[in-house]
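For this one, chain G is given, so just place chain C on it according to the hints.
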Amino acid sequence: MPRVELTAHLRRFFPDLDVVDVTGGTVAQVIGELDLVHPGLAAYIVDDRGALRQHVNVFVGKKMVSDRGALSDPVQDGETVYVFQALSGG
Amino acid sequence: MASSGARGDRLVLGTRKGLFVLERSRGKWKQVRLAHAGVPVSYAMLDPRNERLWACLDHGHWGQKLQRSDDMGETWEEVPAPVYPEGEVLKGGEPATLKYLWTMSAGGADEPDRLYIGTEPGGLFKSDDNGSSFELVESFWNHPSRLAGDEGEEFAGWFGGGRDNPGIHSVVVDPRDSKRLWIGISCAGVFETTDGCETWAIRNKGMTAPFLPDPPPEVGFDPHLVVPCPANPDVLWQQNHAGVYRSSDGGKLWEDVSQEGGPVYFGFGVCVDEKDPDTAWVLPADGDERRMAIDGALCVCRTEDGGKSWTRLCEGLPQESAHDLVLRHAFDLAGDRLAFGSTSGNVYASENRGEAWFPIGHHFPQVYSARFA
Numbered sequence: 003m004p005r006v007e008l009t010a011h012l013r014r015f016f017p018d019l020d021v022v023d024v025t026g027g028t029v030a031q032v033i034g035e036l037d038l039v040h041p042g043l044a045a046y047i048v049d050d051r052g053a054l055r056q057h058v059n060v061f062v063g064k065k066m067v068s069d070r071g072a073l074s075d076p077v078q079d080g081e082t083v084y085v086f087q088a089l090s091g092g
Numbered sequence: 034m035a036s037s038g039a040r041g042d043r044l045v046l047g048t049r050k051g052l053f054v055l056e057r058s059r060g061k062w063k064q065v066r067l068a069h070a071g072v073p074v075s076y077a078m079l080d081p082r083n084e085r086l087w088a089c090l091d092h093g094h095w096g097q098k099l100q101r102s103d104d105m106g107e108t109w110e111e112v113p114a115p116v117y118p119e120g121e122v123l124k125g126g127e128p129a130t131l132k133y134l135w136t137m138s139a140g141g142a143d144e145p146d147r148l149y150i151g152t153e154p155g156g157l158f159k160s161d162d163n164g165s166s167f168e169l170v171e172s173f174w175n176h177p178s179r180l181a182g183d184e185g186e187e188f189a190g191w192f193g194g195g196r197d198n199p200g201i202h203s204v205v206v207d208p209r210d211s212k213r214l215w216i217g218i219s220c221a222g223v224f225e226t227t228d229g230c231e232t233w234a235i236r237n238k239g240m241t242a243p244f245l246p247d248p249p250p251e252v253g254f255d256p257h258l259v260v261p262c263p264a265n266p267d268v269l270w271q272q273n274h275a276g277v278y279r280s281s282d283g284g285k286l287w288e289d290v291s292q293e294g295g296p297v298y299f300g301f302g303v304c305v306d307e308k309d310p311d312t313a314w315v316l317p318a319d320g321d322e323r324r325m326a327i328d329g330a331l332c333v334c335r336t337e338d339g340g341k342s343w344t345r346l347c348e349g350l351p352q353e354s355a356h357d358l359v360l361r362h363a364f365d366l367a368g369d370r371l372a373f374g375s376t377s378g379n380v381y382a383s384e385n386r387g388e389a390w391f392p393i394g395h396h397f398p399q400v401y402s403a404r405f406a
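So the protein sequences, as listed, match chains G and C.
Under the working numbering, the first residue of the first sequence is numbered 3, with each subsequent residue one higher.
Under the working numbering, the first residue of the second sequence is numbered 34, with each subsequent residue one higher.
A hint or two may mislead.
[To be verified] In silico SDA-like pairs for lysine to any residue, Cα to Cα no more than 25 Å straight-line:
#, chain 1, residue 1, chain 2, residue 2
1, C, K50, G, D49
2, C, K124, G, D69
3, C, K63, C, T376
4, C, K50, G, F16
5, C, K124, G, A53
6, C, K50, G, Q87
7, C, K50, G, V58
8, C, K124, G, D49
9, C, K50, G, F15
10, C, K50, G, N59
11, C, K124, G, D50
12, C, K50, G, Q56
13, C, K50, G, S90
14, C, K63, C, G41
15, C, K238, C, D321
16, C, K50, G, K65
17, C, K50, G, A44
18, C, K124, C, R196
19, C, K124, G, G71
20, C, K63, C, G349
21, C, K50, G, P17
22, C, K50, C, W62
23, C, K212, C, T232
24, C, K50, G, T9
25, C, K50, G, R13
26, C, K50, G, A10
27, C, K212, C, E171
28, C, K341, C, G295
29, C, K308, C, R57
30, C, K61, C, E388
31, C, K63, C, P73
32, G, K65, C, G93
33, C, K124, G, G52
Bear in mind the hints are in silico, worked out from the structure with no lab data behind them.
Being a predicted model, the structure only gives us computed values, none of them experimental.
Same shape as in the complex, but just chain G (with noise of 0.2 Å):
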């Protein structure tokens, strides 16, 4: 089973955040079962089209997702997915 692990900074906004297990599939898929445990996260994650906000990385175990937009990366079995907010001045 894939897990989740989300940057500590959205626990400012989601103070139950933790590793979450997923089904998995594809990154996308991954983000809509953590708006099921978290509802409104995603929004946090992905913007109206579902595309990765811009200052979000997401990684598939060392590999950062390719398809920000549509988040067709697949995620499989085992796999950790991260969350990180890209860095950003002042």
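Just chain C now, kept in the frame of chain G:
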């Protein structure tokens, strides 16, 4: 926090690093609340109909969020931010997504649950459940002028001014008739509906724009802010990218009332007297290439004759080494009291219609909005 007094005894700041509530007590202002610390607050206001505080958040990473508070900012509830419907596109075909929550307005007195939000990339959203949900005002989004430039017509269409995409910064509800609204967009211009958002008329006659061909197309102007006189809303004032304008017929015709020889020309905010439609205040800036205080000196200019003449008011304001800019939503009026907050984090107020100014504070983050409550 003290209970609510008269409007004007509280000032709500939306800043680059959070929402501040300032309160006036025994003639002194003090900060009574910092909420959303560290988060850019693009606009904040108190809905006077129900004392509900609203914060439009511009998270650098997590997108645009909307929060409301019924206890003056002690506790907050996040509500879903407006979403552009699937299939809606910008000029050029890019999918439309929410970029920025630029302004909020309460509906009329007879519409207690109505709220409006003006956004980038140009969508007007309305709520009829007090902000629990918002929907795109399709009639306005589908106005033929918006995408006109895509079709090779003699229109500029709507385009970004200061921001990447067109944005709605002014939503004016006629206090006499809730079905009548004026919308200000940078860049497109001013639009009016008189039938509750079903149809829209372009209200740009009389405006000029040095960044458009001459003669200019029907849309493409850059009103920075549109403000009515509450006692006579047929009189509208506008601080534009290209001057200060006044209309006495609900926007059908705009008259350039900029000051010959300056400094009243470029700026962002404008305040209008609550009773006298001939009295207004602006904060001239060195524009548009520089966008800072003129010659390092802050000043407010007031007219009491409909823009025929202007008086420079600077008592109490720094007259050297001041480089502040005051953004469009960061200048407000309540009775004889005025206040503004600057991009340099300075907040000033006047108790006597701008005759003299005093500082409320000097070390706030960059101020995006300053609204009396």
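These are the hints, each one checked on the structure:
1. K50(C) - D49(G): OK: K50(C) and D49(G) at ~23 Å, within 25 Å.
2. K124(C) - D69(G): holds, 24 Å
3. K63(C) - T376(C): Holds. K63(C) to T376(C) sits at ~20 Å (cutoff 25 Å).
4. K50(C) - F16(G): Holds - the C-alpha atoms of F16(G) and K50(C) are around 20 Å apart, at most 25 Å.
5. K124(C) - A53(G): With a Cα-Cα distance of about 19 Å, the restraint between K124(C) and A53(G) holds, given a limit of 25 Å.
6. K50(C) - Q87(G): holds, 18 Å
7. K50(C) - V58(G): holds, 20 Å
8. K124(C) - D49(G): holds, 19 Å
9. K50(C) - F15(G): holds, 16 Å
10. K50(C) - N59(G): The hint holds at about 23 Å.
11. K124(C) - D50(G): Distance ~17 Å between K124(C) and D50(G) Cα, so the pair holds.
12. K50(C) - Q56(G): holds, 20 Å
13. K50(C) - S90(G): holds, 15 Å
14. K63(C) - G41(C): At roughly 14 Å apart (the allowed maximum being 25 Å), G41(C) and K63(C) satisfy the hint.
15. K238(C) - D321(C): Since the Cα atoms of K238(C) and D321(C) sit roughly 22 Å apart, the hinted pair holds (cutoff 25 Å).
16. K50(C) - K65(G): Roughly 33 Å separates the two Cα atoms, so the pair is violated.
17. K50(C) - A44(G): Since the Cα atoms of K50(C) and A44(G) sit roughly 24 Å apart, the hinted pair holds (cutoff 25 Å).
18. K124(C) - R196(C): It holds: about 15 Å lies between the C-alpha atoms, which stays within 25 Å.
19. K124(C) - G71(G): holds, 19 Å
20. K63(C) - G349(C): holds, 19 Å
21. K50(C) - P17(G): The hint holds at about 21 Å.
22. K50(C) - W62(C): Holds, at about 20 Å.
23. K212(C) - T232(C): holds, 11 Å
24. K50(C) - T9(G): At roughly 21 Å apart (the allowed maximum being 25 Å), T9(G) and K50(C) satisfy the hint.
25. K50(C) - R13(G): holds, 19 Å
26. K50(C) - A10(G): holds, 20 Å
27. K212(C) - E171(C): Since the Cα atoms of K212(C) and E171(C) sit roughly 16 Å apart, the hinted pair holds (cutoff 25 Å).
28. K341(C) - G295(C): Within the cut-off at roughly 13 Å; holds.
29. K308(C) - R57(C): At roughly 23 Å apart (the allowed maximum being 25 Å), R57(C) and K308(C) satisfy the hint.
30. K61(C) - E388(C): Holds, at roughly 18 Å.
31. K63(C) - P73(C): holds, 21 Å
32. K65(G) - G93(C): The given pair, whose Cα atoms are some 23 Å apart, holds under the 25 Å limit.
33. K124(C) - G52(G): holds, 20 Å
Violation of the numbered hints given earlier is confined to hint 16; every other hint is satisfied by the structure.
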